[in-house]
Each structure stands twice: as structure tokens, then as C-alpha cells.
Amino acid sequence: MDAKTIIVKRIAQELRDGMLVNLGIGMPTEVANHVPQGMMVYFQSENGIIGMGARPPEGMTDRHLTDAGGQPITALPGAASFDSAMSFGLIRGGHLDMTVLGGLQVDAKGRLANWMIPGKMVPGMGGAMDLVTGAKRVVVAMTHTAKGAAKLVNECSLPLTSQRPVSLIVTELAVVEPTADGLLLRERAPGVTVDAILAQTEASLIVPDAVPEMRLAS
Amino acid sequence: MDAKTIIVKRIAQELRDGMLVNLGIGMPTEVANHVPQGMMVYFQSENGIIGMGARPPEGMTDRHLTDAGGQPITALPGAASFDSAMSFGLIRGGHLDMTVLGGLQVDAKGRLANWMIPGKMVPGMGGAMDLVTGAKRVVVAMTHTAKGAAKLVNECSLPLTSQRPVSLIVTELAVVEPTADGLLLRERAPGVTVDAILAQTEASLIVPDAVPEMRLAS
Amino acid sequence: MKLACQPAEAVAQIPDGATVMIGGFMAVGTPERLVDALLEAGRRDLCVIGNDTARPGVGIGKLIVERRCRKVIVSHIGTNPETQRQMIAGELEVELVPQGTLAERVRAAGFGLGGVLTPTGLGTIAAEGKPTLELDGRTFLVERPLAADFALILAKEADYHANLSYTLTAYNFNPLMAMAARTVIAEAETIVPVGMITPDDVDTPGVLVDYLVGTP
Amino acid sequence: MKLACQPAEAVAQIPDGATVMIGGFMAVGTPERLVDALLEAGRRDLCVIGNDTARPGVGIGKLIVERRCRKVIVSHIGTNPETQRQMIAGELEVELVPQGTLAERVRAAGFGLGGVLTPTGLGTIAAEGKPTLELDGRTFLVERPLAADFALILAKEADYHANLSYTLTAYNFNPLMAMAARTVIAEAETIVPVGMITPDDVDTPGVLVDYLVGTP
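Going line by line, the protein sequences match chains H, P, S and Y.
Just so we're aligned: the first sequence equals residues 1334 to 1551 in the working numbering.
Just so we're aligned: the second sequence equals residues 1334 to 1551 in the working numbering.
Just so we're aligned: the third sequence equals residues 389 to 604 in the working numbering.
Just so we're aligned: the fourth sequence equals residues 389 to 604 in the working numbering.
The set of hints was computed from the structure by calculation and includes no laboratory data.
Yeah, the Cβ is synthetic: ideal placement off N, Cα and C, and Gly gets one too.
Taking beta-carbon pairs under 7 angstroms as the criterion, some of the chain S residues facing chain Y (in silico):
#: 1; residue: Leu501
#: 2; residue: Gly502
#: 3; residue: Gly503
#: 4; residue: Leu523
#: 5; residue: Thr555
#: 6; residue: Asp588
Simulated restraints on C-beta separations:
#: 7; chain 1: P; residue 1: Thr1338; chain 2: Y; residue 2: Ala392; range: 37 to 47 angstroms
#: 8; chain 1: Y; residue 1: Thr527; chain 2: S; residue 2: Ala429; range: 32 to 42 angstroms
#: 9; chain 1: P; residue 1: Arg1470; chain 2: S; residue 2: Glu522; range: 25 to 35 angstroms
Pulled out of the complex, with its shape left as it was, chain H reads as follows (with noise of 0.2 angstroms):
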């Protein structure tokens, strides 16, 4: 299973049934094929829609009805539209269930960066910084490490997304939650070593004695 799988496939976990959810654009977009059978979730854009659908068949697109990346979706029976301050209002207004998001780093307190890189990469904070300081949980889907260098670090050299800690961080090695006293090594996965954990981590983490293996279906 590759880094990415592993990781969109560890957060579908953490969906439940009923939850409104919101997906950010590139790897988090994916989880949405990994809702479990059976289970209902709302998918939220916040370019202002609740019950987002898949990609429209060929020559059934609708130039109105686009994600959040302007690409075109289609809207599910039942689906609700609005305007962004409704869309934002169900963000910061504590009404998003979860939201998934990319991440740059991620400090010792579990603050996020993911929105810039200073000199290089200026995309604005679009939607992040209300999305991570509003939604009841926010889980962050990330590689390990970037070119090498640990992305779970003591204090963020990008700007902060927010001050507040993020609920979950879900690698390809393993799943952390930051705590009040620090970063928790929740799982590792399938054939990681915590030593292996702890070798691509810059920040401290905490070691339960038992760390288990993430479950994921094949």
C-alpha cells in the first residue's frame, strides 16, 4: 500500500455516521472514497454546498457547480446550497464534524502549518485558517517527512495556520494526537517500527508501551 492509501485509508476511520465533513483540496479529497459501507457522511465545499457527489459523468457537467478547487461535481439528492458567509459560518461556528487537512508541519503543541512558505510558495490561507480554528476536529493527512526532513517538529520554522492544536496527525507511519503533555504515538503502521517512528521525528514524542498497528483493510 503506498504512503497515500495508507494514510486517506486511516482517516476514513475516523468518520461517523451523520458527520458533516469537510475534505481540503489534493490528498484529503480522497477519503471520501473510503467511507464505510453503509455509513452516511455529508461532504462539505465551502464554496457553498452540503452533500458534494463525485465527479459528473462526460458532457453532464454544470458550469455553477463546482469543489472548492473549481472543479466540476455533482450535487447529491438532498444537497443544500449557500452563500460563503453560511459556509463559513458552519465552519467557525463549531458545526463541522471534522475536516482533513494537508500539512506542512506540525510543532510539539500540534499547531499546523500549511499554508505558506515564505519567499516561495504564497497561495493565501483560502479557507485553512477558519477551517482549523472552527471545525470540532481537525485531522491533519501527511506524509512523514519531506526530502528527508521530519515535518513533526519541536516548534513550526513556517507560519503558523492557527494556535490552536490539531485533534489528530495521520503519515504513512503512524497516527499522533497531541495532548496536553505532548505528542502521542497512537499507531504506527503495518511493519513500522516505533524506532523507525521516532528516527523520522524531530519532535518528541510519547510512547505508550504498547503501540499498535494501524488496521487497515486491504
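Chains P, S and Y: place on chain H using the hints.
Then chains P, S and Y, alone, in the frame of chain H:
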């Protein structure tokens, strides 16, 4: 012509084509009966509609469609309905061209008191504070005196509705405009002398050399 | 989410002393079946947030007459003499809020805002005890968000996802309250199949609704 | 109100240097005919407020590529490399605002609020130079209202009163901007007789619209 007729007919002359107007409960409501021929005025009711029309015929009322007093109304073709936040957004955001409200007192600075008589009548301010603070023009429709007591006073003994001066006061005796220099006597009712107005006014009035009579169509 | 439950079942969640938002403007848009169920369940010491206290025997006015409220937060009580009587007798606490400010305070709670900055009420009784903020040469009143344990709202239509739509002057505070309470109980006049309310016609997304009560 | 006018006539009101809100999210819901007319009219030094700068050659991206903006106030420029290039070269001022805060700032201007109290952005670059307010033990960023001289918006339908309705993900900033600009210019894909848009379906009342541009 009785006092009320003089007041509402004169105020109707303040209407302009295309205006968005909110009329308070009671006497102000009757201004709607005197819209000049051929003029299109949009009436808002703060409980959530633009385009309110007259009382419906017997048997045609809809319990979801009333004015702010809870009385059945109709919706004109082209009406728009909305929630209380939008309704007061129109009022507070400066989109309402004019409001007409009743008054208990107006002080020498043109400030209105119209929402309570301590110890006697505490109905609540409803939308009055929003209207007086937010509407582009605030026109007060009131009798010149109450039980012999002047209502244009030096200082309001009753609690103010807003610190913002109103735009115009229309009584059965006079039209008075608050200015930076004080209350300006603009017009007198047909057959009413300036002296008669001054005798029934506590606040000082600025009296120009010529004070024209109101022109009221029969 | 609990769909198509009975009013009694829905309001059973509400304890004595709860803070309850109730939609409606002079009882237009008030969920009368839910209010009746609250009365029948014997709930008391409620703090009710609404636009007004309607008239005796109608909407929120029923709760007033039956003396079920310890406090009301409203913009207007002039149409209900019983509210005034209880207030003057010291039996009922009444917090009067300018109507537009009331709408924004409820919205602020639902939309995650820290408060409302408004000129409405400045220099009047409504400003007493409230902080002000000077910003770019203008002064604003800082009004607090207004949240609730429960919201009782009325929709014209609901679908099986509990998506709600309102009509005409019966919107008023309903869509705002649906955002501002921990538990949202909606009464719908009609429940229709999914798809009958188009995405553009949904005013309150079903994910916000915890209990949906239909017609008898 | 000026109904059914041509795009050129409507945008003729807009001078060089104006602050112009333009609806749309990645150009979905952007009034392309009005943007084109603005380009053709040769307008420059504009301050554009929008969600993003779309892609080169699309929506607001057209104005960027043709270098008609001195400043943009947006939440995202990542999809338009030309915006980034001009920003880094010092040719274009870019004010980045969190998207939810941007929506509330525009709304605040349109709804007469003094500002927005939000935790979003606190302790980040987005908070630099901005006041904070402590209220009941929590700290909030005080964000300013964002008004404009003009708003260019896109509706799916308009009627002869200029009542507007939007659809699906093409609402975004359009209804908010229709409240926040001194002059509102709306482009509608379809113009229908009065009554075709029911009162409940009107998203932007026609009284807010100054110019209505139809389809060619």
C-alpha cells in the same frame, strides 16, 4: 382635515420613486395609502418582506404572511422574503431610504424618544433603535402636543431611542427639521400661525422670515 | 438525528431551567406543537429567547401566561400585557434587546463570532453595562453572542434529511436559531421526499437539525 | 435603477482607481461579461475584492494578466501564478484574508456592523497590525468591515424588479457583495417576468441593484 390626515399626507410627499421605505405601526402605516400616483415605492416590513401589500380579502389570509404587528397582509408581485438578520441588515446597513415612526418626544438636537414611558409603558424597543440609527432618513409622525404638553422639548424626559438626530418631524401644525444650528421651522399647517406653533413648542425653533404653508392635496 | 418523532419525545430532552430559543415574530413562524408539548411536559424556569412574547395564549405567550419562564430575552413585549405585569411584579426577568441586535447576537453565536459591533443602542438604556469599542474614529457597542441549549423552530417544509425551508414572513429568527443552539428541534408543516426541496431552496441544512417533528 | 443595459454602459460608471468587488469562487459565479467590459473600457489601478484571483484569463484572472489592478484583497492566489509573480515583483499589492473572515468583513460593511470579532487568524501572520479585544476571558481579532465603490455580481435569474437568485456553488460572495457596495451592477443569465422568482427564492432584493445587465 384631521390631525392624522394632515400628518400622513404631508409625509407622503417625502416619498420618491424607487425608495425602500419602512413604516412603523399605527399612524405611520397610513402613509402607504397616499403614495403619489405613478410612483413605485417598495415597502419593507421588518418581520421579513419587501413588497408588502394591503390586507387580503376575507378568506385569503396566509398565516405565514403578516406585517410587524401580526396583521394579515399581501405580497405584491416582485416581493422578496427573508430572515431577521437580512431584514435588519437592510435597515442597519443604510439600504433603507426612509423610515416613518411615531414619537413621544423630540429634543432640541432632534433626538427621538419613542419606545418607553418608565413605570408606565415598557413595550420594548422592537426595531425602533435600529431604524432610527440605521435608516438613511428618519421621519417622525406625531401630534404636536400630548394632553396639552409639548412634544418638541428642550430635553427628552423619556429614554432616547437613539443619539442620532432624526431627519424630519411632521405634526398636524408644522414641519420641523433638525439642523446643526437647532430645530428649523420649515412649514406650517394650513391656517396655522407661527405664533400658534411656538406657543405649543417647548424647544426653541429657528423661524425663517417666511414659513410657507404645507401644500396638501385634498 | 431523530426523524419524524412526536413533539413529546423531542421536548423530553429539555430540562427545567433550560435556555430555549423559539422562532417566530408575533407567533408567525412559531412551532406551536412544540410549545404545547413543552407546556404539557410541565417544564418551568425556562429562559426563553425570541423576538417577542406574542399575545397571551399564542406562541411564546402561552409559556408566559402559564408562568413557565424565569427570564425572556426579546425585543418587544408590548403586545402581551401579562409579560409586562409579571415583569413589574418582579416575577419575570425581561432583557430587552433591539431587534436587529438580537438577530445579530443569535447569529454571532451560531457563526462563531465573538460578538457584535453596532451603533444601535449607543447612548441609550440599551447600552447600560455594556462595553464599547472605538475603531477608526467611530464608537460601537460590543454586544455578546446569544447561544442556547435548545432551539424550537418552525419550517414550512422538511425533507427526509431534515433539510428545511421557510416561507414569507415566517423565516424571521428560525434560520438563525437553527445555527445557535446545541440541540435543534424542528417542526415542519409538511415533510416531503428528498429532492422536493432543491439545494437552492434549502434554508437550513439538515445536518443542523437534531429532532424533526412532522404534522399529526 | 437601470434595467437591461449593456455591460459597457454599466461599467462606464466605474472610474480608474475604483474599489470593485467581484463575485465568484475560482470564477464560478463571476460575471464574465462585466469583467470583459471593464477590460475593454480600459480601466486600471483598480482595487479588486474577491475570493481569489482565479486562473490567468478567467474571471478576475483576466484583470490580473492585463495588469489592471494595483491591489487585490482575496483569500487565495495559489491558482494564478501571474498574481504571485506581480506580487513578488512589487507590481501588485496583495492583502490575504482568511476566507471566512473575508466573507464576514464584506457582510459587516453591508449590514452596518462596526467590524468582526473572530478567533480566526489570532497568533498568525493574518493578525499582524490588527487590534484584539478580550471579552469574557476570550481573545478575538477585530477585523474591519470591507466596503466598495462598486460590486459586479452574477445571478442565475433576475426579474424586472432586478430581484436576483443564485444557484449551487455560484452564490459564494455574490449576495454579500450586493449589500456592501455603493453601486451594484448585476449580470443575470436569464431575465424572467415578475413573479417567476417567488418571494422565498429571491436572494438579493431588487432594491439593492443599480444596473442590471442581461444576456446578449
